[in-house]
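Novice: Listed in order, the protein sequences are those of chains A and B.
The first sequence begins at 6 in the working numbering and counts up by one.
The second sequence begins at 227 in the working numbering and counts up by one.
One thing to keep in mind: the hints can contain errors.
Said to hold, decoys possible - A few chain B residues facing chain A, derived, Cβ under 7 Å: (1) S322; (2) A326; (3) C603; (4) F683; (5) R686.
Claimed, not checked - Sample of chain B residues with no beta-carbon within 12 Å of chain A, all distances over it, derived: (6) D491; (7) S548; (8) L690; (9) S744; (10) A831; (11) A1025; (12) R1104; (13) A1195.
Source of the hints: derived by calculation from the structure; they are not laboratory data.
Only a predicted model underlies this, so the values are computations on that prediction, with no experimental measurement involved.
Positions of the beta carbon are idealized from the N, C-alpha and C atoms, including for glycine.
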Amino acid sequence: MSAVFVAVLVLLGLGLVFGILLGYSSIRFKVEGNPLVDQVDSLLPQTQCGQCGHPGCRPYAEAIVNADEAINKCPPGGQSTVEALADLLDVEALPLDAESEAEPIKKVAYIREDECIGCTKCIQACPVDAILGAAKQMHTVITSECTGCDLCVEPCPVDCIDMLPLETTLNNWQWPAPKPGIELIATDRQPSIALEVKG
Amino acid sequence: MKNTIRVHQFHGGIHPPENKKQSTGAPISLAPIPSRIVLPLQQHIGLPADPVVRVGQRVLKGQLVAEAIGRISANIHASISGTVVAIEPHPVPHMSGMKADCLIIESDGKDEWIEHQGLADYTKLPTQALIEYIRQSGIAGMGGAGFPTDVKLHLGDDHIVNTLIINAAECEPYITADDMLMRERADEIMGGIEIIAHLLKPLHIMVGIEDNKPQAIRALHAAMDNSALNLDIVITPTKYPSGGEKQLIKLLTGVEVPSGSIPADVGIVCQNVGTTSAIYRAVTHGEPLISRIITVTGQAAAHKQNYEVRLGTPLADLLNHSAVERQQLQRLIIGGPMMGITVTDEQIPVIKTTNCLIAGSIKEMPPQPPAQACIRCGMCEQVCPAELLPQQLYWFAKGKEFDKARHHNLFDCIECGACSYVCPSNIPLVQYYRFAKAEIRKEDDEQRKADHARQRFEARLARLERDKIEKEERRKQRAIDAAAAQAAKKDAALNQAPTASVSAAPEAGTPDLKQLKSNAAIARTKLKKAEKALNNAQDKGLDGIDTLKETLKQLQLKSAQAEKAYSDAQNAPAKAAAPVLDLKQLKSNAAIARTKLKKAEKQLANATASGEGDISALTAQVSLLQDKNIAAEKAYKAAESGPSNAAAAPIDTTELEADIAALQAKVDKATSAWQAAVASASPAADKMAAGVEKLTTKLKGLQDELSQARAALPASSATVDTTELEADIAALQGKVDKANSAWQAAVASASPAADKMAAGVEKLTTKLKGLQDELSQARAALPASSTTVDTTELEADIAALQGKVDKANGAWQAAVASASPAADKMAAGVEKLTTKLKGLQDELTQAKSRSEAAMPAAAPATAAPDLKALKQQVSIMRTKLKKAEKQLTELPEGADNAALMAEIDSLKARHDAAKALWDAAEADKIAAAAAQGVDLKQLKIDAAMARAAVTKAERALSKAEDDQPALEAELVTIRAQADKLNATLERFSD
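So that you can see chain A by itself, here it is in the shape it has in the complex (with noise of 0.2 Å):
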């Protein structure tokens, strides 16, 4: 009888103690926020373009950790973004969806500076500040600061915003992919002997 006294003694002291350590720790090591929203920012291409429908890349990210949001809405990122957010996450990686090419092109924006009227609505316009002017002098684009977020072309009374490829220089110039070689087999090689096999 004792025995199962002490069995259950012990039992209940083991849970005292596992219930203070945990409540303890809890507590010691609470987490501010939550940590996925900024892993998930982190792989944003941080063009705050607005395209997935959210206002800016961390909307975004919140909303795919809190809200359930497709995580193949961001066509500056790409393929490789959503396969990256696919592995972050542990979830199938979508198809992009976007109506234009896999991987987009690198755009920046182009101010054609002799029609610009000086009118600040790009500036405005502009998330990351890239956009240099004031009231009824002519705007231009720091280019380096640049997102390609396309933002600014909508807002322009005049239509003098290009979005222009990025130049390539010898600078960002990389090495292409090598063309994948025609694999031949032995025996398409010499069909002659596929044929003998066959035959």
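Use these hints to put chain B onto chain A, whose structure you have.
Specialist: Here is chain B on its own, set in the frame of chain A:
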């Protein structure tokens, strides 16, 4: 020739056919001086150099033409004398085959050196100065990578350099440039080594050389054996790629340079033999790097040998000089066959890193056979000098699993090509690694950019938020400030009089006087009590009358003393310091005296009527009081006329005003009482009327006083004055209105008091007029600067008056309609008001003309607002005119409408004048704008808009082919419009 040092081993390596013998048959010869050189601004690792010459400038051989920017960069010098003909994009030796900015110099055939001189004794120069000197000569690693040499020489600053390794391995097939250099210029190499050793102070120097260059080894020994330096020539077995930096270090020292670090981290610095020679020439002869030794070889070249070639020489020149058979030429390679790059453009120039040019025939450079599937033979792993897993990397690169490739140390790959060389499936493995590296770099770059963009985005959001908060705070602050200002204004208005009087009052005099007064009052009370007791005693015939009489006498004496002291005190300080207070005091004294007198008189009258009491005593008292009263009034008047000097005047006026207001209130009360009496047909009405008149007279007197005081005020306080006057006028106006309405009510009820009331109203109106006159006078006296404010005030007055006139008119019409007898009088009143209105309007126009004169002809800058004002005026005039006309039509037949007609006429005239003025102003503005080109901007914007419309239409057109004709028509019209606008713009731009 034996090594004194043990040679270590590195993993892998291959033994391709050397093909070096072909080009070592002939000594180094000078290539012909090119007629035109092309100097790429980037011939090294790091930032491109910045041109310091301009097109058309003549330059000499060795002259600096482009300057290093930043730490990792190198100077570029002209290698011939001649003229800079262009700075433009030109094909350069690069894997991409793209163009880059180049300096192009046309030779003048003279090959004239710029003045140059070496250092006599470089050991005397400080280390930093010597390195700077070497930096100036633009030396970059000549082995192939082109890393700026001065940066490597600075490694001694923050690293402990134990070992200096001179790379003489030259392991790649075909290339013999270093071999020939060592054979012929070993002394220069030795000199260079000494300089580097002087700068880096290594404990040990090793020259690593492959055993396939026996002649070079002999030459080096000859040059170095007598050296004082701790120097060893280490002969290594021939194996590709033993010339790789990390591989050579492993060979010579057995030390492996950790992944991601540089040799200096393990105390080793490597230099190429070509670089040492260049350093020697720069330091001892002062020659910058303008030429280098290049091997021209390959089966297509007739003369396979080494040339000393000026940098910038086009490859075509070199190929021609070596008699390269173009028919045979299959592939032109810059560098070695393993790591070199294939070029197609013969205009590409020789640069600092060009060590070999292979003109390969189809036999020696067959086209790459098609790649086959990887059979996982593992030969690539066996030959990899970096001990990587090439096959694994290949799979990762092919599957774009770049993260995994990175984790398999892809970046340690030196792209030597050994794996591709041994691959039985002919897979271009190095290309896969290069692609994977580029992709990873791109990803990293994008990540960096994304982080940067995020920072900027967050900063922007923070800024917007801050702006919002600041705006809100500013708004709140403004509201608080405005409220405070309002409160301060009110307080100031309220406090002005009291504070002024308080500060003006004598501080000592007030309490003293009060004390004295109360003393006197006490004494008087006691005296009265005593008198009463005495009377009682006398009446009842009690004893002790004598003692009582005695006491009374004493009391009387005391009382008299107290009163005297009080009056003395009162008179004394009043003259000296407190005329204001005194005046008041005196006035109240006089009033008290008067009241007392009246009371006494009443008592006397009562007594006389009832025929009882001590009439004679009363009479005496009355006469005494009368005397006192007269004295008090005299004193008051004297005081009043005396001290009302300039300084006290403003305070005076406020007090007067207060008095007037009080009196006014009394008058009002009296008037209303009188009216009530009249209404109830009370017999006392007449007396009351007299009282009212008396009060009114007094009021007038006070007002006169006030106006006098005001006239005496200094000019500076004129503005304040006018505002006060205005307030008065407004108050009076209100009263007039009230009186008017009362009168009308009376007229309506056919009360007999109506006439009198009318008189009262008229009186009030007169007063109002007087005040208004005063106001206008005060305004006329105002400085010119405040005329604008004046006019607005006048306008407001006029508007108010207009309202009144309208009201009066309405009342009059009502009266006329009800055939009231008062209608005539009303008409007169209305006319009066109208006259007043006209007067004010005249004043307004005068003021306006004055203000216009003050602002001559409305300067161009203020033209726009002026125009606006004019426009407003015109519209106001129009409205007024319409109203007046409406009134006229509404009037009954035969009524007296002459005044109205006159008014309408005047209004019309003014309206026309204003309109003319406005039109003129507008015409002026347009003309001026056209003349000054202000319109240009508008035109420009219009043109831009039109242009945008054109582009939009064009876009729409391209999209919708169906509606072509309609859209085309639209496009044509828009284009025409745009053209027209452009034409106009151009016309004006001239």
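Novice: Provide an ascending list of the numbers of those earlier hints which the structure does not satisfy.
Specialist: 3, 8
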